[in-house]
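Starting from the known structure of chain A, fit chains B and C onto it as the hints suggest.
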Amino acid sequence: MSDTTVPLESQTGHRSLLLPDEKLKKRRRSETWFKMLGLGAVITGLFFLVILIASIVYNGVPAFTQTYLTIPVTLPAEKLDKVGNRNPSDMRKVSTFGYKPLLEQALIDTLADRGIEMPFDDAGILADLLSDGAAAGVRRQVLDNPDLVGQTVEFDLLASSRIDGYYKGRVDRASVNRGMVLTSVHLDVADALKEEGLVERRFNLDFIIGADASDNRPEQAGVGVALLGSLFMILVVVALAVPIGVAAAIYLEEFAPQNRFTDLIEVNISNLAAVPSIVFGILGLAAFIQFANLPQSAPLVGGLVLTLMSLPQIIIPARAALKAVPPSIRQAALGIGASRNQMVFQHVLPLAMPGILTGVIISLAQALGETAPLLLIGMVGYIASNYPDGFLDGFVSPNSALPAQIYEWSKRADPAFYERAWGGIIVLLVFMLAVNILAVVLRRRFERRW
Amino acid sequence: MSFGTLFLAVIAIAAVAFALSRRKVLGLAQGDRRRLHSLPHYHGMHAMLLAAVPALLLLFGWTVLQPVVVDRVAVSHFSGEKYDTSGERSLAMSEVRRVAESIDALVRGGKLGTSELETLSDEDLGRELDDTGIPVLSDLPPQIIDSARIYRSVSATGDLIKLGLVLLLALAGAAYGYSAAHPDLRARNRTEMGVRGLLVAAACVAIFTTFGIVLSLLFNTIEFFRIYPAGEFFFSLTWSPSFGGGSELGIIPLLWGTLYISLIALLVAVPLGLFSAIYLAEYAHPKFRSAAKPLLEVLTGIPTIVYGLFALLIVGPALSSVFGRGGMGWMPSDTAVITAGLVMGIMLIPFVSSLSDDVINAVPQAMRDGSYGLGATKSETVRKVIVPAALPGIVGAILLAASRAIGETMIVVLGAGAAARMSLNPFEAMTTVTAKIVSQLTGDADFASPEALVAFALGMTLFIVTLGLNIVALAIVRRYREQYE
Amino acid sequence: MDAMAHTDQISMSQSETLTEASDNKIAARSVDVFYGKNHAIKNVDVDIDDKTVTAFIGPSGCGKSTFLRCLNRMNDTIDIARVEGDILLDGEDIYDKRVDPVQLRARVGMVFQKPNPFPKSIYDNVAYGPRIHGLTRNKSELDDIVEASLRRAALWDEAKDRLKESGTGMSGGQQQRLCIARAVATQPEVLLMDEPCSALDPIATAQIEELIDELRQNFCVVIVTHSMQQAARVSQKTAFFHLGEMVEYGDTEKIFNSPEDKRTESYITGRIG
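Chains as they are written, first to last, in numbering that gives the first Met the number 0: chain A, 0 to 449; chain B, 0 to 484; chain C, 0 to 272.
In isolation and in its complexed conformation, chain A is listed as follows:
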């Protein structure tokens, strides 16, 4: 082998640079292919993002409007105020069921008035156009303003979810029968009412601030209470995870000696960062609810679980931010006689603050959207229909959380809740976006000061 003289340099000769050969063309082709594959991968990823966002917007935006039927309702005094003194506490005795016939009558009258044929034998079937909650709405308004009794007043009555869905295009004639409540005849009436201009679609504030509703009233379900639950949980996380996380990061980065104990802490943190969130749910269930007897479904427990989950997510970027502060700053501070603590808290920490804040905010946003652990501590299956009684009560009284509420709706049988779930996602994402914007603003502030 050593004898063979390989013509190392003669072979190439002087092939012109200007004429690419076949081999090169082939290489260039594979180059192009490779590049296209990469571009294709990026575009596929972005395509998925677009599809995801489009589905959310397309399916979720309708949740922010709600259909009402504008119907004049006669409020006879002999039925609503038997005592006759217009005193709300006496009128309270008439329950929602007392109002129902009034609405039924009002609908029949309206149809007759407008010359629409009444297709049903029973007024009750016609009243299925309205939400079960419509009567309660009228009752509330009457109790708020007792003078309405005895008059005929135009009310905006909440339409049933299927009628609402029909106007929004979610429900059509083929699918309306599935719920066994409405028939396509109802839709004929609905069309006729719309032609008469009695149908109104308005912004649905109740969806954002309202409480969840039971299974048969999807048109009344709102995220408000669950949103409060999320808020209380985040408060717990902010109050606990942020100081503990930052303190731990400071210790590990600035004070910890190189020893087994420090290693143990570091290994623990990096492993906790990758423990599946459901396992934290198990921890919450076993430690906080089983062992410490904290109340189920309480935002406090949810907040504690999320705190433990967020800690590594806060510690790791906070350490990186502390590490990024140049050593010259430390030496300068120590050089003029500052103690280590003074150096850290007066010089290093303020400089690292923007980076720390970024990590904190990202972890808060993550905590806000976390669902799995909340399932195990009972924040799902609970119908969040009551607002907490006060600030402290907000932490311990049972509640849901925004993502848990979305999950809850996605499990319900009536597809009308899906619209709510998508709408809830929009609220959740807006909430997360707000948190992120807050982060950017805070970061700017801190950066300007230094």
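Wrong hints could be hidden among the right ones.
Said to hold, decoys possible - With a cut-off of at most 30 Å between alpha-carbon atoms, the simulated DSS-like pairs for lysine-lysine come out as follows:
| # | chain 1 | residue 1 | chain 2 | residue 2 |
| --- | --- | --- | --- | --- |
| 1 | C | 41 | C | 253 |
| 2 | A | 167 | A | 410 |
| 3 | B | 286 | C | 36 |
| 4 | C | 96 | C | 36 |
| 5 | C | 159 | C | 138 |
| 6 | C | 36 | C | 113 |
| 7 | C | 119 | A | 34 |
| 8 | C | 119 | A | 25 |
| 9 | A | 322 | C | 113 |
| 10 | C | 50 | C | 113 |
| 11 | B | 286 | A | 322 |
| 12 | C | 119 | A | 22 |
I should point out that these hints are in silico values taken from the structure, not numbers from a laboratory.
For chains B and C alone, coordinates are given in the frame of chain A:
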């Protein structure tokens, strides 16, 4: 005194200690700060920490532990076969707590004086409770009412002792801090030691958390294996829990579903993520990169519940319309392995791509120069130099993604189906370890039954698998980073 | 001869510099290089002979490395770099639109400042170039090229028993010789060396210098160095760069003994640099 008030009281004592000590040292130094060993506020903080930290620690510890102790005491009053198993006892205990709360409500409402309560017979008390409309069992066994009384009295005593001890500790700390305040006191050093102690404590929370996870999994898993044979759990091929008893709880079908879904997720995420990372790191114009990268990363920021809904309501039906009854006929329902796997894959794309991006960027420029200098094209450089050089890091990234996929819950709960099945058909519904943890612990099962406890054994398995994957992955990534540092 | 005729044919339309340049391996005419707004190389003309060692010397930041990187278009990989003027290799403009830098770099190899063997086996390192350019028909031909290249880089005796071991496990000097072997294996005509000894100890440096002298037999070698002694030892021609300009170019002996320009003299005698 409630927790909040007591907490504020301690804080107030500490604040007073701060102000007094600060004034004292300044007074002793005749207002000349230069005569002090430490700045005045360090003297204040010294007293403040002494007053607040031990008292608050006691307050938290006591608050957490007292209910546990009270429970033990109250439980010990149960006897008879009705309260044999731990499940029955815990059920009875929650009843006791409810009764105790109702009695509290009665007392608070003024309907019942404390002295009255002492003399009231159990039957009368039961009737009183019925009248309040607070939902309690209509005919309360005397044992429960008895226990509830003990529960209340022990709790009350505990609360009283807590109040006394906490306040005493706070005052003692404050007093000691105040008396120790002296211009020569090395207050700064002592305060700093105190602060450092707090920092150490914060760092230790991570260890406690791991401990908590391991303990809570371990105890319940042991409990589970005591009433259910471990061999069947690990080797049985059937998963069919029935809450009436006689369940078969084999983990293998769940593991199969988990791995199958994770595999599909990785088949989607790894090529797309890796090629995206390569394109963005090596080819993309800086402007394109700076726009595309954060956009892709939006996908990681989206909560998993959103992906779950996406799988359930968009991807499932879409796949079903092609492969389901209307199309190829392979897919019996919207929820399927492929649905969950695909959506999970989408979620993991940016995860794989940003981790790969990091490792690709860690390959030194000199490697690229060396390759280009020999006349290699970009793709040749990427394929033959950069990817092989970054391979350990990329493998680490893939392992981390796998561990994510295995531990992912919401997507599979909503997208994969509920039936435990072992099939090769990706269009069939299967279920996973995480999904079953959720369903076993959110059902109505008695907490002491094997059907509920199995969730802890599943959780333990999940914890060990993901932990193993992570340790391996992190070790690989770390060694890889060191290679180029 | 055939090839020369071919070259002439193509370059007929080119300027008259061609005839002037055709004796030289590389000819640069009024080359300017910009990094963004920074004018890094100013109007450089140079002719580089085949089968000689040409050294570029000058103080740090004078543009000698930048200019070297122009000769095989390594500056293409930097987005903000812009090259103006003509650089001809065998009379062909290497910045012509039709020229693929990949093909160019196969003919103009490069060895870098810091040894940068790939994290592969020694064998795979050397075989890298022949493989990507498809220079061999079978394994035994590749084996031959690897052996010949390692021999040429004076590394065969040290490496023959550990061809399967990683190239990154060798000593610094060995790594740099491996990089030279790697460059030689693609069978280039020109070898560019960018301060190839600056990361090496004196013994390794001596070995590399010896090697460079041998390479001159078969290649046109261009070396950038900050060490004047090294330039004096290994090169036949020397170009002195200062602040982006090529101040003086000529036989090494003349540059070192009787420089014409003041600046060259100052640099040689150690007053600037």
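Q.
Just to be careful, I want the Cα atoms of residue 286 of chain B and residue 322 of chain A compared with a cutoff of 30 Å; is the pair within it?
A. holds, 29 Å
(Q) Hinted pair, alpha-carbon criterion (30 Å max): residue 119 of chain C, residue 22 of chain A. Please report holds or violated. (A) Roughly 25 Å between the alpha carbons, so the hint for residue 119 of chain C and residue 22 of chain A holds.
Q. Does the alpha-carbon distance linking residue 286 of chain B and residue 36 of chain C stay inside the 30 Å limit?
A. holds, 20 Å
Q.
Does residue 410 of chain A sit within 30 Å of residue 167 of chain A, going by the straight-line distance between their CA atoms?
A. holds, 22 Å
Q) Keeping to a limit of 30 Å between CA atoms, is the pair of residue 119 of chain C and residue 34 of chain A held or broken? A) holds, 25 Å
Q) Quick one, are residue 322 of chain A and residue 113 of chain C close enough, alpha carbons at most 30 Å? A) holds, 28 Å
Q.
Please verify whether residue 96 of chain C and residue 36 of chain C have alpha carbons no more than 30 Å apart.
A. holds, 24 Å
Q.
Against the 30 Å threshold, does the CA-CA distance of residue 36 of chain C and residue 113 of chain C hold or violate the hint?
A. holds, 28 Å
(Q) Check whether the Cα positions of residue 119 of chain C and residue 25 of chain A lie no farther apart than 30 Å. (A) holds, 25 Å
Q. Are the Cα positions of residue 50 of chain C and residue 113 of chain C separated by 30 Å at most?
A. holds, 25 Å
Q: For the pair we were handed, residue 41 of chain C and residue 253 of chain C, check the Cα-Cα distance against 30 Å.
A: holds, 24 Å
Q: Decide if the proposed pair is consistent with the structure: residue 159 of chain C and residue 138 of chain C, CA atoms, cutoff 30 Å inclusive.
A: With Cα atoms ~17 Å apart, residue 159 of chain C and residue 138 of chain C stay inside 30 Å; holds.
No hint from the list above goes unmet by this structure.
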